[in-house]
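**Q** Please put together the full structure from these sequences, using the hints given.
In UniProt numbering, the protein residues as written are 1 to 513.
All the pointers check out, no bait thrown in.
Straight-line distance between alpha carbons at most 25 Å, and here's what the computed SDA-like set of lysine to any residue pairs gives:
#1 Lys469 <-> Glu485
#2 Lys164 <-> Ser207
#3 Lys164 <-> Arg445
#4 Lys331 <-> Thr342
#5 Lys500 <-> Trp435
#6 Lys284 <-> Ser295
#7 Lys500 <-> Leu323
#8 Lys284 <-> Ile345
#9 Lys164 <-> Glu125
#10 Lys164 <-> Thr200
#11 Lys164 <-> Arg175
#12 Lys343 <-> Ile332
#13 Lys193 <-> Ser180
#14 Lys343 <-> Thr281
#15 Lys284 <-> Ser253
#16 Lys500 <-> Ala470
#17 Lys500 <-> Ala475
#18 Lys284 <-> Ala294
#19 Lys164 <-> Gln122
#20 Lys331 <-> Val276
#21 Lys343 <-> Ser286
#22 Lys500 <-> Glu464
#23 Lys500 <-> Gly238
What follows is a list of derived Cβ distance ranges for each label pair:
#24 Asn251 <-> Asn408: 45 to 51 Å
#25 Ser340 <-> Ser282: 23 to 29 Å
#26 Thr181 <-> Ile345: 43 to 49 Å
#27 Gln118 <-> Ile174: 18 to 24 Å
#28 Asn251 <-> Gln307: 19 to 25 Å
#29 Cys205 <-> Asn324: 37 to 43 Å
#30 Ala496 <-> Thr330: 28 to 34 Å
In case anyone wonders, no lab produced these hints; they're calculated from the structure.
Glycine residues also receive a C-beta, built at the ideal position from the N, C-alpha and C atoms.
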Amino acid sequence: MSRHSSKEQRLLDLPKKQDQGQSQAPSAHISEHNHCDETIPTCTRCERRGTQCRYPEKFSFVKSNESSRSISTKDSHDVTIPVKTGEYTFTTERFTESGALIQKWHRSRISCQPALAQVERQSIELIRCLDQGRIGARMNWFGEWVSLVPQRIGTSDALDQAVKVMALAYQAIIRNDCPSTWIDPRAYARALKSLRRALTDETDCWSCETLTAVTILYYLEAILGNPNEFNAVQHAGGIVRLLEVRGPPPNPSRFETSITAHLRGPVVMKAIQFGVPCFFTSPKWSSILEAEEASAATPPWAQRLIQQFLWWNELIVEVRGYLNGQLSITKIGDLQNRLSATKMILDSINEDIEEELANEEHIKSVINAKADSAFEKAFSPKSYAFSSLSMIHAGFSFAIDRMLFLTNRSNVTPCFPGVDRPWTIQKPQIFARMWQTHQYALKLRPVGASFMHLPLMLAFMHAESDETKALILDAINQINEHRLEQGQRFVAASVAYIAKLYTGEVPPIPAAS
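**A** Given below as structure tokens:
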């Protein structure tokens, strides 16, 4: 007898009430309590009764369609990891003791490919760090160069270990772990060990992957690490030394130019803090940086600001020489003229920034906004670069104004706060802009708020009242709250000392410290 005829015979043997039309179609209900549930290999009811299930379930899979997708970052040049899944129709059928046929239909999406390799899994973890989770935890605030890292996973052990530290830090932030545990000590130790091996290798020490590993660890230390546990200043010096030894690449790739451009900050800061020349002002390095700005479509005012920013250290060295009585009358006049010319450029940039604030709808709406939701809606990711550049302008303007005051020979006591200044910046505009940007930066903590540290410290020097100084000091501690242990705070003396490093009023940090 065929399979169909046997099934028909069993259906004919149904109880009478089913023959009367009450349940003609195959049922999808669960059988009565005294019936076998036919769980494979033996149901609990049959096992308890000591009987064997006579009608085991039958399974069949029918493939209905197949789909493919990919996991990648937003830019087209990033790594793409395919994920292929197939949709199957999962059918179960069984017969009860009375002969009733019970069918169940399910749909299931099952992977059509083998498990991902370790490199692919790590790339996926890094991609998730960049643009998923709450906005303040995303690692894409480090710079655009981070989006080019996933495709380089697996090419360098130093880079892989540094990325693991980043991924673990991201996961800890998302879980709201204690900030002191964000940087995993074991993963960090393995990353440093791999980095030392790479730096002592004749080939790996010149690679972009090694430079990237150093950069990742620097940013994690400087932004997430406690100042008492990590020495971000010394690590910044390591990045600068590595860049200086490597020199400008003859045919730089897009990745090299992108990461080099984003390292301007550590290079200039290291030059200022240690009192060494800034090699980015050399013609070869300048041509690479200008090419990157042109390809990135940076606004003209931002390009002029960056060009002036690179000469900050040289101005500090000259001001420090003036305060130590090491400059002649002619050099003092040249220094004052140069500072005045820099101030004029910064004032013209300030007008461009104010014009952009008035024209850009997503920024203009923030000026009049009071609710937190309005801030979040108004500030799109596009405005992060604008905010960070405008804060570089604010900090640099405060520093130049202070240097002009210090080198003005009519000021007998340069540090006396009540003396009228012949040169003044548009302080009301810049202070208001800084305070609005500070409110925005608080929403980007911990990763995205690092651009506010230095401008706030230099603004502290410009504050004329104790009330304003206390307000700025509290803002500095709010920005750094995740880095400070309970009871730790920045105090007025430490903020003033750091600010004076950037105006030339105190000597540079000794290289051995």
